[in-house]
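Peer 1: Position chains L and V relative to chain S; hints supplied.
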Amino acid sequence: MEAVLAMVIGTLYGGGLYLMMRRNLVQLIIGLGLLSHGANLLIFTAGGLRRGGAPILAEGETHFAAAPSDPLPQALILTAIVISFAVTAFALALFLRTYQTTGTDDVNALKETDP
Amino acid sequence: MLVLLTICFAAALLAPLVHRAFPRRAGTLLAAAPLAVFAWLGAALPEVMHGHPRVEAAPWVEGLGLEAAFRLDGLSMLFALLISGIGALVLLYTQGYFKNHPQQGRFLMVITAFMASMLGVVLADHLLLLFIFWELTSFTSYLLIGFNHERAEARQAALQSLLVTVLGGLFLLAGLILLAQVAGTWRLSGILGQGDALREHALYLPILALVCIGAFTKSAQFPFHFWLPNAMQAPTPASAYLHSSTMVKAGVYLLARLHPALGGTEAWSTLLTAVGATTFLAGALLALGQHVLKRLLAYTTVSALGAMVMLLGIGTTDTLKAMAGFILAHAFYKAALFLVAGGITHETGGETSVDQLGGLRRAMPFTFACALLAGLSMGGFPPFFGFVAKENWLHAIGRHPGLVAATMAGGAAYVLVGLSVGLKPFIGRRPEHLHAHEIPWSMRAGPLVLGLGSLALAFACGPAGHALIGPAASAVAGETLPVHLHLWAGFNPCLAISLATLVLGIGCYAARPLFGRAAGRLAPLVRLGPDAAYRGLLATTLRFAGWQTRMLQTGILRDYIRITVLTAVALVGAAFLHAGGIRGEARLSPLSLRIGLVSVLMVLATFTTILAKSRLRSIMSLGVVGYSMALLFTFHGAPDLAMTQLVIETLTVILMALAFHHLPVFKHGSPARMRAIDAAIAIGVGAAVTVLVLAALHVQTPTEVSDYYLDHSQALAHGRNVVNVIIVDFRGLDTLGEITVMAIAAIGAYALLKLRPGKGDTP
Amino acid sequence: MTSIILRTATRYMFPPLLVFSVYVLMRGHNYPGGGFVGGLFAGSAFVLHALAYDVASARRLLRLDPRDIATGGLAIALLSGLPGLLDGGAFMHGIWWDLHLPGFELHLGTPMIFDIGVYFAVFGVLLALVFALGEEG
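Residue numbers (this note's numbering), protein chains in the order written: chain S, 1 to 115; chain L, 1001 to 1763; chain V, 2001 to 2137.
Worth flagging that the hints you see were computed from the coordinates, not collected in a lab. Note that CB positions come from ideal geometry on N, CA and C, so glycine has one too. Do not take every clue at face value.
What the hints assert, rightly or not - Per label pair, the in silico range of CB-to-CB distance:
| # | chain 1 | residue 1 | chain 2 | residue 2 | range |
| --- | --- | --- | --- | --- | --- |
| 1 | V | G2088 | L | L1013 | 32 to 38 Å |
| 2 | V | H2093 | L | A1057 | 34 to 40 Å |
| 3 | S | G103 | L | Y1708 | 53 to 59 Å |
| 4 | L | E1704 | S | I83 | 22 to 28 Å |
| 5 | L | H1661 | S | N108 | 22 to 28 Å |
| 6 | V | E2135 | L | G1669 | 31 to 37 Å |
| 7 | L | E1704 | V | G2088 | 45 to 51 Å |
| 8 | S | H63 | L | A1570 | 43 to 49 Å |
| 9 | L | T1554 | V | D2068 | 40 to 46 Å |
| 10 | V | L2085 | L | A1679 | 50 to 56 Å |
Looking at chain S on its own, in the form it has when it is part of the complex (with noise of 0.2 Å):
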């Protein structure tokens, strides 16, 4: 199953990398959105895919008894995901004040530092 995976990941990464090497400010976005679930799916997957149960405890319990999938990756993508959520409302912010201020979408047009 794996084998799958990564090649959804490898799509994830090229489409995302495809869009953002795109001249659009807003393609440039998407591309980044599609990246971040490529970085967060090729976690998840590369941690290993223990197939058990969630890492919640029943009730009354101290241990697993069955081994549950791997918490840790778990972790490192919540946060990630929403990390990533607050990146993209900056990027959104940032791009739709440049595109006010420079009057261009166009991100080959954007070389210059100065106004």
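Peer 2: The following block gives chains L and V in isolation, referenced to the frame of chain S:
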């Protein structure tokens, strides 16, 4: 000794405040610090001169084996006395030299800090400690040379000295690390005892080469000598102190210090003698053609440093004694002459050329007296200490014809320079335009003490040899060497050579204008020297940096992405090939229909996102990718992730819809060829990532951490949801950082959107 | 974007969403949930309101500035690390108190307070971003 250094560094820190509180007495007050050091050293002298070094060590960073270890033996004593003694005189001199100068506080601070660092260099017993102080002296020297930073020449000279000495410092650091590795200790006192083992070791030559580069750059040895004459851009008190009597001798000190450990081999004596002799002669030769007071002195300083290295390289007990004696003599007369030169320039309204000076004996009788004392000592006239040192030197090199000839030639140049600075400005006719006053009282102490010292030491050469030169030479040699100096050693060949040198030197002095003209003709040749090489190297480096920046920083995002991902793919690919492809046992799970379906959905959605012509369709397909992620998380036992992903995806779609409302539709297409290249890169990266994931699955990742969390979640953190426990408890600090990042992103976005530039502001 | 259906739905969805978000937060330590998801749910309630009516109305409903809420959440999270420090442990060392109330027992600990801080930080950040973008143009 730690206390002494602390006092000196504290004095440096307080210097600007002292200057603000007592603008007219700051130098005098600050001189108390080096005087205290001098007094302490004096008290320790009887013990040290009998071969009982003072040692102290305090723990510093114990985990790294760093100690604040200090050791005061004969060699350290000689240097430390010079540093603190001349330091006190220079601080006093500064007070008059920089009278009413608004930046005097800054100068006092840096020069006091330098003094403390230099004391650290000669007292340190730990190699890393020594290196730290060593670099501090380079750094403070940089600040002092560039003191008049509004002048471009001063800035360039400062940068040059910094680059040369710090680059050398890096070599030195490498050498010291190797040395410590081989010797198994960082303590100098421990290393010095292992001379035989070190000389036999395979790394001996690399260590010697690295340490020598460090020492040669610092002590302005050929071909690194060029920074020292340029460093004369520094204010004269700094030149007198750093660039004649103390800092530039750090390299000599280090070589002398390590002589018991590294010296005595063929490589040592060949390298040091050759480089030292070249520097000695080159410096003397270049000095002949100079007419600026300070540059005359600077080139002879280069020459003198060469002589010290040469004597060290020859390495017989007699030459070591001669070197120690010469260090003492040189420090006295050279510092005095610099202070005199500074005084002349100061009181004549900025005149720096010997040719323009004359007849100042009436106006500056006191300066004349001091200058003559020091100048005659420099020339090696009897009965000055310079004469004693030179006799000793001639005696040490014996009858080797080459060395004797070199010494005579160099000695003649010293006579010329000594008379040019000590005599020429004061005799003859005074040029019409030249008006001068006597130097103020605060500036008199330095030249007087050092000038008279040159005379007094000659008459007290017996005790001086016994108390200072002997112990210093003993420390360098690693065995006890008694030194017996005489002002009058009777008629012998040395005296004859010495007198012949004097005659030759006086002849040269008389023919001085000739040398000036010859130097003028040879100037283009000299300009092709190492200084030009330095400049060329600097310019090339800057050009390369400019080219590289233009290549890598095109300002086009596509190029940045390409460079970044292709570099990443190349690195990963290389590592992958190096490891020999995918190996090990995979932990693959069986195929499952629902995951397969979700995967197909994700791939389709990704392509729709890429190919969609409308923004809304693009966002929607991105949302499909996100929801599919949530499904995958659900299937793999990650309900927390699934839940979070679901909400976030919804919010992202809403946010994008809100924002894209204000952005135009896609209109900037790329040419088909560009799209094809991008697609190829994207496919390549996708394939690389796929392979990377597969390879990662074949690596047995340790699960200790995860298992620990799984086992202790309930017991330690009273939580059954392990993911949540990791987030809020086990790795809570990370989460704190993450929510801070989120808040910063929100503040940034808020500021971008809400703070509209006013009418007058540029956006 | 005014829709009767959305407005009506929002009216009925809003209170349960908020209650649910607190529920998700409180049970996060033992079941799926926690401060991140809880904060997102709570924020979603207001986002829904902003979509159905407008941002100004959602701001009025919230009363507090979302930036203040985010800052407050950060402060709570930061302060939750101090008891562990005062107790002689490291910063953010977990401290637990067992409350024996008549009828049931309550485990209360600094990690839960931390989670509450996360809740408010996420809530505030989310709304600050959405409101600012929604007010644009």
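Peer 1: All hints, please: hold or fail.
Peer 2: Here is what the structure says about each hint:
1. Roughly 36 Å separates the CB atoms of V/G2088 and L/L1013, a value that falls within the hinted 32 to 38 Å.
2. With their beta carbons about 37 Å apart, V/H2093 and L/A1057 fall inside the hinted range of 34 to 40 Å.
3. Taking 53 to 59 Å as the suggested C-beta distance range, the pair S/G103 and L/Y1708 conforms, at roughly 56 Å.
4. Distance hint check for L/E1704 and S/I83: the Cβ-Cβ separation is about 27 Å, which falls inside the suggested range of 22 to 28 Å.
5. At roughly 24 Å, the beta-carbon separation of L/H1661 and S/N108 lies within the given 22 to 28 Å, and the hint holds.
6. The beta-carbon spacing between V/E2135 and L/G1669, approximately 32 Å, falls within the hinted interval of 31 to 37 Å.
7. A hinted range of 45 to 51 Å is violated for the C-beta pair L/E1704 and V/G2088, which are about 27 Å apart.
8. Between S/H63 and L/A1570 the Cβ separation comes to about 46 Å, which falls inside the hinted range of 43 to 49 Å.
9. For the pair L/T1554 and V/D2068, the supplied restraint of 40 to 46 Å holds, since their beta-carbon distance comes to about 43 Å.
10. Checked against the hint of 50 to 56 Å, the C-beta distance between V/L2085 and L/A1679 comes to roughly 54 Å, which is consistent with it.
In summary, the structure is inconsistent with hint 7 from the numbered list given earlier, while agreeing with all the others.
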